[in-house]
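A.B. asks: Listed here are the chains, written in short residue letters.
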Amino acid sequence: RKEVEQDPGPFNVPEGATVAFNCTYSNSASQSFFWYRQDCRKEPKLLMSVYSSGNEDGRFTAQLNRASQYISLLIRDSKLSDSATYLCVVITNTGGFKTIFGAGTRLFVKA
Amino acid sequence: NAGVTQTPKFRILKIGQSMTLQCAQDMNHNYMYWYRQDPGMGLKLIYYSVGAGITDKGEVPNGYNVSRSTTEDFPLRLELAAPSQTSVYFCASRTVGTAASGNTIYFGEGSWLTVV
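Heads up: the protein sequence lines correspond to chains A and B, in order. Going by the numbering used here, the first sequence runs without a break in its numbering and finishes at 111. Going by the numbering used here, the second sequence runs without a break in its numbering and finishes at 1116.
With the rest of the complex left out, here is chain B:
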């Protein structure tokens, strides 16, 4: 049961570098999300997607970009990394249904990013 898979798990970037965090889910979920979580803080939504070809900004989109060319994949691109982007990044997905079906959100294990 793969669920939501994120790579890499850990990464150190230098200021100004760019990188892509990969996220894939094998549950055929329409909705996918990227969150960041700073130490001791709650989750903040960066971007989300309601289906292939459709993406939208969350609370904190500046400095990030996403794409959703397939249902399975939702990569997060960091352009010109800054120390403020040091955080843990979680990818998540869920289906859309009635409350009885749960609407459960499934998370990847997280990607720890440090920008120095």
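Next up, chain A with everything else stripped away, as it sits in the complex:
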């Protein structure tokens, strides 16, 4: 089993749709969680951190479920500019901080 798993997609949605991505992680000692966005031929960039209480940034909402070991990202009112790959990132302190990226979920938003 991979340490961090994501649905690879692609997700094809119309503009205005709501779309949700899930990410599961295997190490219960994992401490920090993030969603990154990667545009085609560009470097990954931080979209948002994920906090235990859940957090929202505009149209984006991130949730963490430690009991079930998954994090989620909800995008409301999708825009064409949301088309990208979304990467789940998990940091675990296992005697040294280990940073693990999921393989990413591809999103296409269509007009």
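Heads up, some of the hints might be wrong.
Stated by the list, open to error - To list a few chain A residues with every Cβ distance to chain B over 12 Å, as calculated:
{"no.": "1", "residue": "T24"}
{"no.": "2", "residue": "R59"}
{"no.": "3", "residue": "F60"}
{"no.": "4", "residue": "N65"}
What the hints assert, rightly or not - Chain A regions said to be covered by chain B (calculated; three or more residues, Cβ under 8 Å):
{"no.": "5", "stretch": "67-74"}
{"no.": "6", "stretch": "100-108"}
Said to hold, decoys possible - So these bits of chain A aren't anywhere near chain B, every CB distance computed over 12 Å:
{"no.": "7", "residue": "E15"}
{"no.": "8", "residue": "N22"}
{"no.": "9", "residue": "K79"}
Derived from the structure by calculation, the hints contain no laboratory data. Keep in mind that this is a model prediction, so the values were computed, not measured. Beta carbons: idealized from backbone N, C-alpha and C, even for Gly.
Guided by the hints, dock chain B onto chain A, whose structure is given.
C.D. replies: The following block gives chain B in isolation, referenced to the frame of chain A:
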């Protein structure tokens, strides 16, 4: 705001040649990483460093070497380039702190390497 700077951005190598990808960060981050990303695939960790003088292998270290003589610099050396090393290489860095401080990972813009 320089952040993480990688050079070169593009390079074509012949099989068997060697080269060094340069990476520098000006954020005084302890942790630095080298990833490769093949087309349509996720990031794979090549090497990482937790501080000057300390390096360790990631998932796919074969064919590469690194050094970390200073906090700022983390060069990646390709010895005897092979077509399988054709990829995009990303250098990244981060600080170490609590979740509240973010632990944000910052990436360079990538180096596109083709081995022919």
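A.B. asks: For a quick check of understanding: which of the numbered hints are violated here, in increasing order?
C.D. replies: 5
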